[in-house]
Structure formats: structure tokens, C-alpha cells
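Engineer: Full structure from sequences and hints, please.
Which chain is which? The protein sequence lines are A and B, in order.
Quick note on numbering: my numbering labels position 139 of the first sequence as 139, and the sequence is numbered without any gaps.
Quick note on numbering: my numbering labels position 205 of the second sequence as 205, and the sequence is numbered without any gaps.
Derived from the structure by calculation, the hints contain no laboratory data.
For every residue, glycine included, the Cβ atom is placed at its ideal position computed from N, Cα and C.
Wrong hints could be hidden among the right ones.
What the hints assert, rightly or not - Rough simulated footprint, nothing fancy, chain A against chain B, three-plus residues with beta-carbon under 8 Å:
no., segment
1, 23-37
2, 74-86
3, 203-212
4, 233-242
5, 271-282
6, 409-416
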Amino acid sequence: MGDRGLSWFAPFGVDAQLISRVLGEATARGADFADLYFEHRTVRSLGLEDGAVNRAYAGVDLGVGVRVVRGEQTGYAYSEDLSLEAVLQAARTAAAIADGSPMPRTANFAIQPVADRYPIRRPWTEVSTADKLPMLRELEKQAFAADPRVKKVNLSFADATGAVLVATSDGRLAFDLQPMTLLSLSCTAEHQGRRESGGYNVAARDDFSFYDPSRLDRLVHRAVDRTTILFDAVPAPAGEMTVVLGAGSSGILLHEAIGHGLEADFNRKGVSIYADKLGKAIAGPLVTIVDDATLPHARGSINIDDEGNPAGCTELVVGGVLQGYLHDQISAKHYGVAPTGNGRREDFRTQPLPRMRSTYMRPGPHSRDEIIASVKKGIFCDHFANGQVQIGAGDFTFYVRSGWLIEDGKLTQPVKDVNLVGNGPKVLEQIDMVGDDLLIDEGGWTCGKDGQSVPVSQGMPSVRVGKMTVGGRG
Amino acid sequence: MQTREDTEKFLADLAEYALGLATRFGAQQAAASVSHMREVEVAWRDGQLERLHEAQSRGLSIELYVDGRFASVSSSDLRREALEPLVRDGVAMTRALEPDPYRQLPDSARYPDPRRALDDADLQLSDPRYAELTALQRREQAQQLEEAARSVTGADKILSVSTSVSDSRSTVFRCDSQGFRGKRHGTSFWRSAEVSVQDPDGRRPEESDYHGARFLADVDAPALVGQRAAERALQRVGAVKLPSGPRTLLVDARVAGRLVSALLGPLSAASLQQQRSFYTGELGQVIGSPLLDLIDDPFVPRGFASRYFDGEGLASERRPLLQAGRVANFFVDTYYGRKLGRVPTSGHASNLSWRLGDRDQAGLLASVDDGLLVTGFLGGNSNATTGDFSLGIQGFAIRDGKLAEPFAEMNLAGSHLTFWQQLVALGNDPNLLSPLRTPTLVFADAAVAGG
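Structural biologist: This is how it looks when you write it as C-alpha cells:
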């Protein structure tokens, strides 16, 4: 192991000898494999409220997760104390899943090649509070100047630097440095006695240069526009109708309608509605969907997954035909395929699961205008908040903060606060127009599963869905 | 394993040390909280053990009040040599902020009796028999949950059964530079089963049941939980989408918390002061029907959110929140209370206590000719500023006082400003598995979207 390898251990205060001993203890009762996930993460945030940058937070998270896998059974333990004694105790606890004799294990580690998708020039540890403060004050000023109806402006800024080290019983050693930053502007506006709130946020695995003037300008104006447009909104209609999804964050439809359903753990257990659909047509021929770890600096990108496996771009649906699932190591073994680099976890306290990264639909032949013009009565949605899915029944929802009524091919009036409900396979079949304007959303999306949160990205070209239930009151 | 006394001493010593560091590096006021939690989970699926998870977790957080400025720091690295730079850098970070005259520790006159703050034994939040539960018992219970699920009529349609048996024990110690010292213990035990079934139309609906309590003896037997989970899943077969339109809506006690939590968040001083609340801020505002009577009750024995002090040390009190549909109190913490000029109560809800009706769910159903019983929410959201909400729903049609076919892929929309005035009845069946303790709720003319 070279110098580079040695420097990896520094954030954790451990060495190769400790790692080897702990893996020995983890596999002492037999196992198919075991791994250690060391993590050191520092997070800092700043908040502006009522005219001042008057709150800050700094946090350190340090620990190791020990996992022992036998067949499809997992033993898991973790420790925030990285002394040899404490980590060995965690290894013994995780090893309780097995009851056999010690597993033969290599004593040598091979350093895994790791991609470089989020290089940063200036580490966040070198950016001080005083460096960030003027930017927040200026954004606040611009938000108030953008519209006199704006009464409250809140800003929150966060940066994080994570160092992770994965060591496996089959001798792989992988290290990654994971930067993250997020800036959110929200405001409340008042108009003729009514109040509305809205906002916009941007996030990336990048350094301070991410906040260039055009991005900051977009942040301010989108946040204010998305708030003030709500004053003109009429109640959304109720019932089934045609829905047009704007380019960008409507990738939330893919995330809920199909992404979760293709996570291989649900399929190996036979509980996903897509469990027996491999190789079959599940969507119209215009639909091609990928889950991509490689987009430069994207919030959902990873150099390696949290099991130390390489992460690339995984084709899920090509021309409407289901190509494959999102795998972690356990499901890849179950299906006899290579891991797809989707084994992710929130932190060292949790075990890896198949998870999405940046999920998006490839562009199609139609223009946005021609898609909207084709709709007699329906709604256009371009600003989303959250979604949820039932893996087995396939029903999913996503919440639209604001959109427009479409009447006779034209956007006529804004609508707001309406949930859209559909069934994954049924909605995919209903996608009959796909735009040429793919946009990966720059927002700070977070995906939840089994109580674990991981950062993701999503994207979409403009798309027409023939029929979905719109949960309005009108 | 460390004894409970050892753990408590470790936490208290560490919190005092952190408080000392904060003062030493220049904080005029500070508070430190240290927590310890042991959690164990056994997951079982389709005839075999799937996952063993066991860990002891620790964490420290410190609030720093420096030269009229405020920040907080936290760490899981509790080595004393690591705490010094954490606090030193934290104080420096605080000094770089802009001043905030409203940031101060609470008025110490609002702290509880010191003996109560350090001894909450009479709230019965911690099962003295916690350590008696063995690894083998957890495993057997997880297996029994599955066996019970697979023993019901119609079990041949079951695709998969996942069960879980889990428990945790936590201790938190908090101290501040005004002399507050408080300690809280808690245990909880949970059993759950999730069942997926094959619907002839190709869908694979899943449903679950769970039960839990602060004391092991209060948790429903694995056989009951497993059986209910399977029955609930099998009832989902053949779900249809019903037409849109106004309906009488029963919301099952198990899930009604989804509606109620959206009513509570905007009651906070933080929401009011930031103008992100659909409440006017006036006591007495009518928000619901005269049947809506809600009390925040922190002293429920064995309650999941029972306490003698809240997160900043304020003494807990039993307070009415809504009386006959009118706002009777807000959740006021020290900071936003100062900004608004309101007396602090507590920034967050504890347990809710409702004025219950006299009928159970079957009794409420019997008087509905045509309506819906909502047994699950799916996604959706609520706008805290305006009160608008829109939520995915599933459940069962009600016809002539009886449950009929299951429905899915539908939605409920409304405004909290008017929806609660449509509350026409409450059940006598509070869901004790959540601190919100909701009974079954009945609403007239709810706006439902479907086919």
C-alpha cells in the first residue's frame, strides 16, 4: 500500500492492521463477505432570518459500520468509538448472524480505482463564515427588491465534506471524498390581505464557485416568482385528465412511478409490481430511463457506491422495454449480475440498500410547445415538492406546488397545491409525447427509504401523460 | 455491558465538561445535551432471519451564546481531545455571525422543580425489565409474527411476509449555564409485520400492522399483530378507483395523525412570527367544529411523548390547544416568544388528549349510507401558510352502514381553515401508538378526487 493509501486512514485514526483484525473478527463465525464503512463527515450551516445572518451550526459525524453477510442474511453493528476494542466488539455483534467456522480471507488489500466526478479547487474547510455572509446578505436584498409584496426572506446555506473508506473481506479498499453544498431561499409575500410562501434551492457536489452570478440570480427570481404567482392561482380541478410535465424536476415522476419499483431488493423479495417484468415492454416506445452516477458535480453523483463498487450509468428502460434493476451487492449476487453501484446508505449507522442516484428520461422528438398545444383540457406542472410510492400496488403520488391549467392548447391560469395520483405501470403506458428539452434539475432532492435519507438528482424532458388523477377541489 | 448508573455518570460528566469548555472559550451562556441509545432490531422474512442490527449510539450537542450571537455544534466523536477544538471553533464561528438580541437561555423561573427534572420515574417511561429480553426471544417473536400472518384464511395469496421486533433504551442528560440539570430515560418495544399479496390484476398490494409500548408487557402478542397484518393486506385485493365528488369521510384512528400534525405545526410561535401559519395568531380563532377539543398532555403515564421538561428545559404543563373548535394556546418557545412578545409555553406538542365520542369505528360506520373509510394516506402535502392540503388516500367504500369494496389511487383535498369545521363525529378509539392519540374522525362533504 502506497502513501496515498496511508493518508486515507488519517481522518479515522485507524490503520490497515486494525482493519484486517476487525474483518477477521467479523468473519470468525463464517460469512459470504463482510465489510467496514468508515465515515468522517463535517457539516456546517448558516441561516438568515429577519434581516441578519444570525444562526450557525457545525457538526462532526465519525464512526464505522460493520456488516457481515451470509446468503441474504445480514448482521449489522456500528461504533462511534474507533478504538480497536470498540470496533472489535461491533464486529462480534455483527458476526452473530452466522454460526459456522471462520471464513478464509485474503490478508492483502487492493486499492480500487475511483472516478473523479466532483473535483473541487477550494475545500469547504477553507471557506469561512465571513466568506459566505456577504453573499447571503446580498441575496436577501435582491429578493426584497424583486417584488414589493415580499415580506419575509429566509436563507439557509449548508456545506459538507465527507471522507469514506470501505474495506471488504475480499480485499477491496476504496476511498472517496464527498463534498456537498446547498443553498435555499424561501419567502413569504402578502397581497390584498392574503399570504403565500414559496422558494427555490440549488445543490451540488461542488465548491464555492458553484454559486456563480447567473445561478444566484436564478435562485432569487425563481423563489420570488414561484411565490407571487400563487396569488393568481385558481383551485385545481379534481378527476382524471391529461397532464403535461415540464422539463426538470418532474423527474420526480420517474423516481416514484418506476425508480423505487426497480430497486432490486424489492424485486428479489417478489414484492415489487415490476418483479416479473424484465425484458418486457412496460412503457411506450418513446420512453428511455437511466439512473446515472456520472453527471459532473450533480447532487446525486457518486464516484463509488457505499459498498466500494464502481458506479456508472445504469439503463433501466430502453424504448419502453425494462432492461434491469438497481443493484447492491446482495441483490447482484441473487440475480447473478455485476453490482450496478447503487448500494448506498445514509451513514455508518445504516446498512446499504439499492438506491437511486440521478434518475432521468432521455429526450424525445417533440417540442415543449407542440406538447402543450396538443392538450384540449388538462394541467401543466413544473414545480414539485415531494412524492411517495407503494412498491407492490404501484400507486404513487407527487405534490405540485404550482402549475397551469391547459385549455385548448394554451396555458391559461395558474393552479397550486395539488397532489397528483397515479399507478406506475399505467402511467408509463400513458406517456405518449416526449420533449427534446431534457433538463437535470439543480435542486437539493433527498430520497427516503427504510428511514434512510440519501441525496439524489432527477431530470426530465417535457412529457405528456394521457391520463392521471388530479387531486384538486374544483 | 455498562450499568445504567455508569452510563448516566458518563453522560453527565461529559455534558458538564462541554459546558465548562464553552464558558472557558468565551460563551456567556451555554447548554449541553448528551445522549446515549441502545437499539436492537431483528428482521425476519419468509422463513428466515434477514437482519440483526444492534448498536449503542452516543452524541453531544452544545448551544453557544456568545457576545449576543448564537450557534450550535454537535459531534459523535466524544473523545475529550476532540471536544476542545469543536467548542473552540464553535465559539469562533458564533463570533463571526450578526447579533441577535432575542437569543438567550430561557427564564430560569420557568424551569421545573430540580428533583423532577432529574427523576421522572413516576411517568413510567422506562421498563425496569428492559435487559431481560433475550436475542432468542426476539428471534422467536419475529418468527411467530410471520407464522400468524400465514395462518389466516386466504394465506395462499401471500407473496411475502417481513416482520420486525425491535427495542431501544435511551438516556439524555442536559445542563446549562443557569444551573438547569435534567435527565430523561425511556424504553420502547415494537413488533411489526408487512404482508404482500398477489392481486389477480397483477398488482401486489402490501399492508402492515404494528404495535408498541414503553413497557414490554403492554405490547400486543406477535400472533395478533401478524394476523392483523395479513388480514389488512388481503382486504386490499381488488381495489378500484371510485368517482370524484364530495363524500362523508371516516379517517381511521391509526392514520388520522397525518391530518392532525398539519394542524399543529402552524400553531407554533416560529410559524406565526415567520408569517408561515394559516392561524391569525389570535386566541379564540374558530378553526374547527365545536366537537374539536384538544389538550396537550405531557403527563400521561407510559406516554411516548411524556416529560417534565422540554428540549430547552421549560417545565411541562397540561394545556388546552383547541377548545370547542377555538384556538386556546400556541406552542411558544423562548426565542420566538421573545420575538412576538408572548409568554413561553413550549415549542412543541407532547401527547394529545382528545374529547372522545361514545362510539367505536363500527358504530360510526353504521350511520353512514354512502361514504369512504380512509385507512392510508399516500404522499401529498399541506401548505402551512394558507392551510391548503391535498393528500393521496386509500381505504374502503362504505354503503348502507357497512364496509364495501377497497379503493385506491384517490385523493382528498381541502383547506384546514374549513375542513375541521366539517368534523361531525369522533370515535372512542384513540390510537395510543402515536403521541397524537387520534380517534377515528368523521368529516362531512370531503372533496375526494378519483376517476
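Engineer: Determine which of the earlier numbered hints do not hold for this structure and return their numbers in increasing order.
Structural biologist: 1
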